[in-house]
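Asker: Okay, here's what each chain looks like letter by letter:
There are 2 protein chains.
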Amino acid sequence: MPRPPRADRSTRVTIADVAARAGVSLSTVSRALNGNPTVDPALAERVKAAAAELDYTASPVARSLVLGRTQTVAVVVPDLGNPTFQAILRGLSHAAAADDYHVLVADSAESVEAERVLAGATRRRTDGVILCAPRLPQDELDRLVGGLRPVVLINRAAGDVPHVRADYRTALAAELTHLHGLGHRRIVFLAGAPGSVANTARLEAIASFVAEHPDTQVTEIPCGVDFEAGAAASAAVLESEATAALAFNDLVAMGLLSAVQENGCRVPEDLSIVGFDDIPFARYTTPPLTTAAVPATEIGGQAWARMRELLEGAEPGHPLTVLPELTVRGTTGPARG
Amino acid sequence: MPRPPRADRSTRVTIADVAARAGVSLSTVSRALNGNPTVDPALAERVKAAAAELDYTASPVARSLVLGRTQTVAVVVPDLGNPTFQAILRGLSHAAAADDYHVLVADSAESVEAERVLAGATRRRTDGVILCAPRLPQDELDRLVGGLRPVVLINRAAGDVPHVRADYRTALAAELTHLHGLGHRRIVFLAGAPGSVANTARLEAIASFVAEHPDTQVTEIPCGVDFEAGAAASAAVLESEATAALAFNDLVAMGLLSAVQENGCRVPEDLSIVGFDDIPFARYTTPPLTTAAVPATEIGGQAWARMRELLEGAEPGHPLTVLPELTVRGTTGPARG
DNA sequence: CTGTTAGCGCATTCAT
DNA sequence: ATGAATGCGCTAACAG
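Quick mapping for you: the protein sequence lines, in order, are chains A and B.
Counting in UniProt numbering, the final residue of the first sequence is number 337, and the numbers go up one at a time with none missing.
Counting in UniProt numbering, the final residue of the second sequence is number 337, and the numbers go up one at a time with none missing.
For the record, the hints were derived by calculation from the structure and aren't laboratory data.
Where hints are given, some of them may not hold.
Computed footprint of chain A on chain B, listed as stretches where at least three residues anywhere in the stretch have a Cβ under 8 Å from a Cβ of chain A [said to hold, decoys possible]:
1) 85-97
2) 105-119
3) 248-261
4) 279-286
Now the stretches of chain B that chain A is said to cover, found in silico as 3 or more residues with beta-carbon under 8 Å [claimed, not checked]:
5) 128-138
6) 183-189
We treat Cβ as the ideally placed atom computed from N, Cα and C, and that holds for glycine.
My request is simple: use the sequences and hints to build the entire structure.
Answerer: Okay, here's the thing in structure tokens:
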């Protein structure tokens with residue numbers, strides 16, 4: 001797009017206007033407004049009054065330049081349409097706002113390249129960046145974060161960078177145990193993005209579960225991460241003759257649930273379904289979805305807490321791993337026949 | 001929180017470093033890097049090479065100060081947890097990113113006071129602000145936008161401020177007509193926030209529909225705007241003996257759907273339910289939800305388009321009103337006996 | 001075509 | 001306790 005014309009700031013109230021009105025120097029205004037105790041109380045009042053009358057507020061941009069601090073952090077997410085990232089963003093936003101920080105969001109649209117670019121671009125106009133479930137390969141991530149500090153990672157780790165993540169492995173093991181306890185021995189796993197960190201963690205959990213439960217068979221079905229993928233996988237699931245389906249996440253589970261029911265398959269009588277994440281809608285499906293509750297909002301809040309420590313120059317908070325809690329609802333039941 | 005220490009910028013690469021390395025003046029570096037055609041091509045190359053070697057990028061903050069332009073816009077939403085606002089934010093974010101603009105988000109948490117404050121605070125660090133469904137009373141809104149320009153409103157209007165909104169009235173009338181056509185004569189409306197613009201528009205649509213269809217009775221039930229509210233209203237809906245329920249939005253509809261089904265009520269045989277918004281999950285409920293599809297992502301994109309025009313100094317784009325489309329799915333059917 | 005100079009608006013030395 | 005001067009990093013007007 002063409003370059004907009006230079007903004008007309010002629011009407012802007014500056015610190016000089018306040019100084020003139022209060023009959024003091026610029027420095028005094030600055031000091032008074034910033035609560036510097038070395039300024040005479042009476043004078044300070046006069047200055048504040050003048051500022052109020054003029055409806056003056058210091059330019060954040062000018063302050064940013066001189067202070068080297070923007071009072072803003074950036075959050076880069078792979079997809080603003082993903083309920084989990086939305087919840088993380090919300091938690092982060094609230095927490096940052098409580099500390100008077102602003103949030104710049106950027107959606108990398110699942111593009112590794114965009115992620116690289118956005119991370120750098122947003123970092124330059126903020127005091128730090130929070131990378132949410134970055135898709136970058138590990139070696140690139142390791143390299144990138146070096147030049148980005150302060151950085152906080154969500155669902156990834158790199159060097160000594162503070163991070164907060166969910167323990168996918170343990171949570172998935174809990175889901176498998178739940179199904180096993182219900183008598184399920186033929187289970188299908190609707191896989192997410194191949195090679196992604198989240199998918200790999202689930203695969204590992206499955207592998208070790210199967211190793212310990214030779215009586216149980218878990219078959220992987222390539223799927224995806226959204227509704228459509230889940231719905232599209234329904235045929236494969238039905239054909240598999242499995243008694244239970246483990247979906248990569250709740251979106252997939254909901255797509256599958258919807259599709260199999262349309263095919264006359266009863267849930268959980270004919271097929272048990274478990275999701276992952278516990279997105280807000282999970283409890284309102286019919287029947288309500290059994291899933292593993294990832295405290296996404298809290299993860300966002302914790303990510304901010306880490307960032308704040310970094311910003312304050314405190315020791316980087318220790319990495320945090322939260323354990324998603326198995327939430328049994330209506331889509332799981334005893335294995336059929 | 002305590003003030004962070006002044007940032008250490010000692011390692012920062014500045015334009016002076018590039019100038020020194022390329023053996024030219026600061027201005028030449030600035031010109032070369034900004035693609036000013038008056039600079040000798042060969043020299044420009046040399047400068048760019050130097051910049052690349054030093055991994056230099058101009059400080060956005062310094063540029064913002066001198067250009068009076070931040071290349072960032074603010075978006076204030078009442079609730080980042082609301083799927084419709086999430087979709088608007090996403091559409092806006094994508095559109096702005098395509099024009100190389102960044103997005104600062106702020107969540108007013110449905111607080112009118114926070115809305116006021118955030119609008120001003122975010123505006124000062126950006127080039128313009130998009131107010132999404134502001135909760136401010138009309139007179140305050142009229143006053144506020146004056147000092148905020150450029151401003152774009154979503155789902156509200158004020159003076160000559162560009163806006164984009166959904167035509168709730170017509171869409172709701174379409175829903176009522178749909179129900180009427182199915183034989184429904186006793187309908188309940190699960191109301192949203194009393195006095196809110198969105199709720200008032202729906203009430204008006206209902207009033208004029210009833211005026212034209214004396215055979216039909218639409219009863220208002222105070223409810224709310226989320227799942228819980230919808231679920232909580234189920235008893236009242238069932239008692240009302242209505243054959244159809246018109247929910248304030250999809251969230252309410254889903255909460256209601258889930259709750260009535262747990263009570264053994266069949267949808268749509270015993271009760272038809274219609275929502276509003278067509279959030280992504282609407283098509284995956286059981287049965288899929290009949291609703292009015294609000295093109296939230298497009299609204300976000302259009303809001304950005306309006307803002308861009310304002311930023312470019314073009315004539316403010318005309319107000320846009322989009323018509324949510326009636327989307328008939330499985331929760332509506334012929335009225336029972 | 002290029003270099004020198006002057007701010008953008010503010011916080012913070014340094015003097016007083 | 002206050003004012004004058006300096007500079008954050010950059011772009012643009014002004015000379016040459």
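Asker: Which of the numbered hints above does this structure break?
Answerer: Those not satisfied are hints 5 and 6.
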